[in-house]
Amino acid sequence: MSSHDHPGARRQTVAEWLLTAAPFTWLFILFVIPTALVFAIAFKPSDPWGGVGAGWTLETVRSLRNPNYPAIIWRTLWISAVTTVSCIALALPCGYYIARAPYRWRRLLVLLTVIPFWTSFLIRIFAWKVLLHPDGYVKRALVFLRLADADAILLYHAGTVLLVMIYTLLPFAILPIYAAAERFDFRLVEAARDLGASRWRAFRQIFLPGIRRGLLTAVLMVLIPSLGMYIIPDIVGGTRSEMIGNKIAQRTFVDRNLPHASALSASLTLAVMAPMLWVLYMQGRRRGETRP
Amino acid sequence: MKWIKRWAGLLLLVVLVTGCGRDRQTLYIYNWADYIKPGLIREFEREFDCRVVLDTFDSNESMFARLRAGARGYDVIFPSSYMVQIMQQHNMLLPLDLSLIPNIDYLDPDYIGLSADPTLAYSIPYMLSNAGLAYRADLVTDVVPSWSMLSRSDLRGRMTMLDDMRETIGAALKYLGYSLNTRNEQELEAARDQVIEWKRNLAKFENEQYKNGIASGEFLLVHGYNGDIMQVMEENDQVVYLIPEEGVSIALDEMVIPQGARQVELAHHFINFLHRPEVAAANTEYVYFLAPNVGAYELIDEEILNDPAINLAPEIRARSEVIEDLGEHNALYIRIWDQIKAAN
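Here the protein sequences come in this chain order: A and B.
Each residue of the first sequence is one higher than the one before, counting from 1 in the working numbering.
Each residue of the second sequence is one higher than the one before, counting from 293 in the working numbering.
No lab work stands behind these hints, which were simulated from the structure alone.
All C-beta atoms, glycine included, are put in the ideal place defined by N, C-alpha and C.
Among these hints, one or two may not hold up.
[Said to hold, decoys possible] Stretch-level coverage of chain B by chain A, calculated; a stretch enters the list once three of its residues show a Cβ under 8 angstroms from a Cβ in chain A:
hint	segment
1	316-329
2	356-370
3	409-421
4	539-548
5	626-632
[To be verified] Computed footprint of chain B on chain A, listed as stretches where at least three residues anywhere in the stretch have a Cβ under 8 angstroms from a Cβ of chain B:
hint	segment
6	129-143
7	231-245
[Said to hold, decoys possible] Taking CB as the label site, the calculated pair distances span:
hint	chain 1	residue 1	chain 2	residue 2	range
8	B	445	A	54	50 to 56 angstroms
9	A	54	B	386	41 to 47 angstroms
10	A	231	B	590	29 to 35 angstroms
11	B	401	A	59	30 to 36 angstroms
12	A	18	B	331	56 to 62 angstroms
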């Protein structure tokens with residue numbers, strides 16, 4: 001710090017620095033260092049006994065051109081995309097109606113959205129196994145309503161993975177959309193209607209752009225965990241629903257090839273950062289536009 | 293991970309070493325969980341006036357990683373046969389003094405042959421397990437003792453195989469009449485195509501949930517380990533264990549004395565003690581795995597000894613194999629397994 005700084009300003013800077021030091025240290029130790037290690041190990045050779053060899057190599061990164069990966073990457077992408085689109089499509093009307101509901105109702109509805117979090121994530125996935133069991137309630141109801149064959153199997157499809165992922169991630173889409181919708185000035189929609197816009201047009205051209213920030217947050221909150229999903233395809237997925245997360249687990253625990261697992265994780269991290277950087281760019285550009 | 297393991301291992305050893313008694317000798321054992329009858333340890337402590345400290349591991353690989361990371365001080369370790377091979381290649385084992393283990397005379401010669409170390413230079417067989425099939429007697433008809441059960445399209449979507457490349461590729465290799473330790477690419481490709489054909493009938497590849505699944509009737513036929521299935525059978529008597537006649541994989545766990553052991557002589561006594569016929573019999577009746585000890589066979593409860601799930605029939609045993617370490621050839625299996633996982 002240079003000597004011509006104002007003493008008051010200096011005290012403030014020190015205080016600010018101390019205040020940010022704790023979370024910054026936390027992030028540095030538990031996020032930056034591990035991520036850097038993952039990226040570093042991706043450039044190390046592996047040994048057949050599960051260790052990390054000495055020296056550096058590009059062999060591991062080259063081995064990512066495994067001919068079996070495109071199918072898994074494609075599956076991960078489409079399952080994540082469909083999950084995100086479905087969650088947003090379901091969360092939009094939910095968020096809209098919660099925001100428009102009378103105050104007392106609003107609190108109850110938000111509470112109902114959050115209630116699933118009171119139970120362990122894992123237990124809720126296992127509950128789906130009970131529901132979709134060949135002798136379970138859902139199956140029996142579907143057979144009774146003649147919507148399914150008696151020997152239809154509801155579990156262990158890509159469709160099951162999709163269903164449980166949408167179920168699990170839906171609250172993460174509802175909450176930011178609701179938060180944005182609550183701050184939205186609904187008189188703008190009324191004005192659009194007065195000026196002759198149809199309901200749909202008012203929703204599309206006034207409401208949606210008005211909650212854009214919440215919408216983008218919701219997309220990220222659903223898309224990013226989807227891309228790295230491991231436990232849902234592991235528990236309710238079948239022989240053809242393996243995602244990148246499952247491959248990383250296999251490379252780590254079964255093949256004991258840590259460099260390869262690290263290379264996969266690093267690619268996934270980069271893939272997850274891409275949509276985030278895109279959002280930052282979009283928000284930055286938008287801010288630039290609104291400035292005179 | 294490795295750092296955490298290393299420090300946790302060291303810390304544990306410090307606690308173990310400083311916490312032991314002063315004058316009595318202390319024997320440190322490193323074994324799988326629930327794999328020895330607790331009463332037998334107390335018996336050994338009384339007889340040899342020593343203390344025994346038991347530490348457990350859940351996979352060969354984690355045990356190996358911890359020793360490689362520098363954990364010292366264990367006197368007897370119980371690795372699977374293929375891991376004995378790896379540990380010996382890394383010079384981690386002490387040669388055994390067989391004059392201190394006279395009870396090796398009771399070892400079942402059929403099973404010594406399965407060991408990677410049949411001359412008993414570094415390891416003494418402890419217990420055996422195998423991986424076969426289990427089915428629901430109330431829901432599956434026309435059962436034949438063969439891996440071909442996995443081709444049954446009437447069970448489609450209600451069957452699982454282990455999510456373990458050596459076990460599952462191994463089952464196909466056995467079905468096709470090959471060795472489950474083959475390094476031959478054509479044989480492995482044939483096995484790959486066989487597993488892919490079975491895969492179309494499978495609900496999933498599963499290592500844990502198959503136990504609940506077969507108990508609840510969600511799955512009708514599963515590929516699993518005999519010890520695990522025996523536990524399910526205690527809950528549900530409709531579950532039946534089936535040994536495919538083409539042969540199965542046998543896992544042989546052994547006892548070794550690692551380099552750096554402090555109580556080498558006592559460790560030999562402990563290994564010898566576990567192969568006393570009456571001790572081996574009591575142990576088998578408790579853990580439900582077979583101790584390959586001919587003297588014990590006469591003492592073990594008939595029902596357990598004649599249970600084909602625990603004690604394989606001789607002709608099937610002849611067709612069964614122990615999974616060996618493949619070293620660099622592991623990469624071949626990983627590639628085949630990747631292709632199986634990716635296939636439609």
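Hint numbers the structure violates, sorted upward?
Violated hints: 1, 3, 4, 9, 10 and 11; rest satisfied.
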